[in-house]
Amino acid sequence: MSLLEVRHLHKSYRAQGKTTRAVQDVSLQIGANQVLAFLGPNGAGKTTTIKMIAGLVLPDRGTVSIAGRDPHHDSQALRSVGAVLEGSRNLYWRLTPAENLEYFGVLRGLSRRVARQRSRVLLDRFELSHKSKTNVQKLSRGMQQKVAIAVALIHEPPLLLLDEPTLGLDVEATQTVKRLVREIASEGRAILLTTHQLDIAEELSDRVAIINQGEIVTEQATEALIQQFSSAVYRVELPELPDDRIARLIDLGALIEGTTVHIPNPTLLYPVLDILNPLPIARLETERATLTDIFLKLTKANPTHASGDVHA
Amino acid sequence: MLELFFAELTRAGIQLRRYLFESIGGIVISTSVFYGLFLSASYIAGPGLQFGNRLDAIIVGYVLWTLVLFIMANISGTLQREAQTGTLEQLFISPFSASQVFLTRAIADLLLQSGLIAAIIVIIMALTGRWLAFPLSLWLPLFTVLLGAYGLAFAIGSLALIVKRLQQVLGIFQFALLFLMSVPTEEWTGGMRIIGNLLPMSPGAGLLRNLMARQQPLDLPQLGIALVNGGVYFAIGLFLFRWAERQTKRYGNLSDY
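For the record, the sequence lines run as chains L and S.
Residue numbers for the first sequence follow numbering that gives the first Met the number 0, beginning at 0 and rising by one.
Residue numbers for the second sequence follow numbering that gives the first Met the number 0, beginning at 0 and rising by one.
Calculated from the structure, these hints are not laboratory results.
Just so you know, even glycine gets a beta-carbon here, dropped at the ideal spot from N, CA and C.
It is possible that some hints are incorrect.
Here are the computed distance ranges between Cβ atoms for each label pair [what the hints assert, rightly or not]:
no.: 1; chain 1: S; residue 1: G189; chain 2: L; residue 2: Q75; range: 39 to 45 angstroms
no.: 2; chain 1: L; residue 1: R93; chain 2: S; residue 2: L110; range: 18 to 24 angstroms
no.: 3; chain 1: S; residue 1: I13; chain 2: L; residue 2: H129; range: 16 to 22 angstroms
no.: 4; chain 1: L; residue 1: S230; chain 2: S; residue 2: Y256; range: 47 to 53 angstroms
no.: 5; chain 1: L; residue 1: E186; chain 2: S; residue 2: Y256; range: 55 to 61 angstroms
no.: 6; chain 1: S; residue 1: M0; chain 2: L; residue 2: R115; range: 14 to 20 angstroms
Beyond 10 angstroms from chain S on every Cβ pair, some chain L residues (computed) [claimed, not checked]:
no.: 7; residue: R78
no.: 8; residue: A220
no.: 9; residue: I249
no.: 10; residue: H261
no.: 11; residue: L275
no.: 12; residue: P277
no.: 13; residue: E284
Please work from the sequences and hints to get the whole structure.
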């Protein structure tokens, strides 16, 4: 069952007689234990979509359902969502992590007693207990981000919205946030994650949605998307490739580029190697597109036609 | 709601304690302004000046003005401050409505600030040598003034949500409030009396002056008028705030400042 279902969201802004279509017909869904990487260039409509999900921006059309409730008509839906928003501190800097956790816990509907108990557990889990009495403004950026994620989890929401959670973090803090995202998803939560660090998105996500100019250009399982954009499964590089072998390899279905053989089907690997035997092989590797390649193809190369080409 | 109120009280208490200097500064400025005005008036009028119970009425008006000013600036100030510090949107991701959160916060803040306001009253009374009466019945008209003040605070808050920056408007508004809190509408008669009863918080302020400065008994029909006045302004403020919240969410600029 989907914990988040977004259907046909539209949002336009009008300013000085000009209409900007920020989001057009965006549909998404995320189930329990899933991380959806929501990717797009700056100004593509990611943050507007996230804010419509969090009930902070009213959609012109379309619906949002969080665990079966619409946050725009039923404020109880907001008990089921936690959010770390980009460009925001998300926390009171004059309060300590423990005080922030307790306050936001009550704001999300917990009793003070429960909020205090969970605050202790979360501080322990996020390795922040030793800083529980330090004002947030005196913590490092990485620690502040950990507190912000802990605050978003204080009421144990099934859906977590993380808008650029690793922005501005050093390598160590980024690793910690990645580990936390994996752990949180494995607890049965659905996570919507936006990031410009596409290697992180590739590593963490189960599904990917790419938005460009307000429209979703692709939305599917991360692995399937990468496979779809990987033109061959294996690549064999040789110092030299005689012509008689090239003809036999092409007959078999392999693709030749100079002295490199691209093998589009895994079952062809050994027949290809039989043909190449006993030629020396310089390199044999799996050929795989990265999310960065795919992102650039879909958002830069042919932005207006990308949608039709790759829709799942 | 009660849990939220105590959480707000705790949050405000921590910040008040941790940044006590700011709070004490508020008392010093507020009492200095009054004493400055008092000394100027005494100097202009000369040594033969006798304020009588008019000075008491002015003190009541001034303290009420301080109180109302605090309430008035609270909601719009919170909105602007939290937008700047990046916590505003988190306040809206809550099963509590924004008006519940901001009202609860404003009441909690007022409760803590009331200690400071009490200090201002005592200092002013000591400086002027005029000691006001504090009968128990003052709570009822004070409640009507607070209702009206929170109504206006929500109205100003809705303006803050829509136009974002309010400093100049708030500056001008302070003088309008001083007029509302100090003008003796309770002494007006005829058509002017009706106008006085329609002005925000004015009937309650008049009752307070009668109780505290003139030691008159509580006028119950006038209390009814003050209650309706406060209730209407509170409802209007709440309505405007909800409308402004919806508009801001429509324009997608909740966190702008």
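To see whether the hints hold, each was checked on the structure:
Taken as a hint, the range 39 to 45 angstroms is violated for the pair G189/S and Q75/L, whose Cβ atoms sit roughly 53 angstroms apart. Taking the beta carbon of each, R93/L and L110/S are about 19 angstroms apart, inside 18 to 24 angstroms as hinted. Restraint check, I13/S to H129/L: a C-beta distance of roughly 20 angstroms satisfies the suggested window 16 to 22 angstroms. Range check, S230/L to Y256/S: Cβ separation about 49 angstroms, and the 47 to 53 angstroms hint holds.
Under the hint 55 to 61 angstroms, the C-beta atoms of E186/L and Y256/S, about 36 angstroms apart, miss the expected range. In this structure the hint that M0/S and R115/L lie 14 to 20 angstroms apart at CB holds, the actual value being about 19 angstroms. The non-interface label for R78/L is inconsistent with chain S: the shortest C-beta to C-beta separation is roughly 5 angstroms, within 10 angstroms. With a least beta-carbon separation of about 29 angstroms from chain S, A220/L lies farther than 10 angstroms from that chain, consistent with its non-interface assignment.
With a least CB separation of 55 angstroms from chain S, I249/L remains clear of the 10 angstroms interface cut-off, as annotated. Listed as outside the interface, H261/L is consistent with that label: its C-beta sits roughly 47 angstroms from the nearest C-beta of chain S, beyond the 10 angstroms cut-off. Chain S leaves L275/L outside its interface by the beta-carbon criterion, the shortest separation being 59 angstroms against a cut-off of 10 angstroms. With a least beta-carbon separation of about 66 angstroms from chain S, P277/L lies farther than 10 angstroms from that chain, consistent with its non-interface assignment.
The beta carbon of E284/L is kept farther than 10 angstroms from every beta carbon of chain S, the shortest such distance being approximately 45 angstroms.
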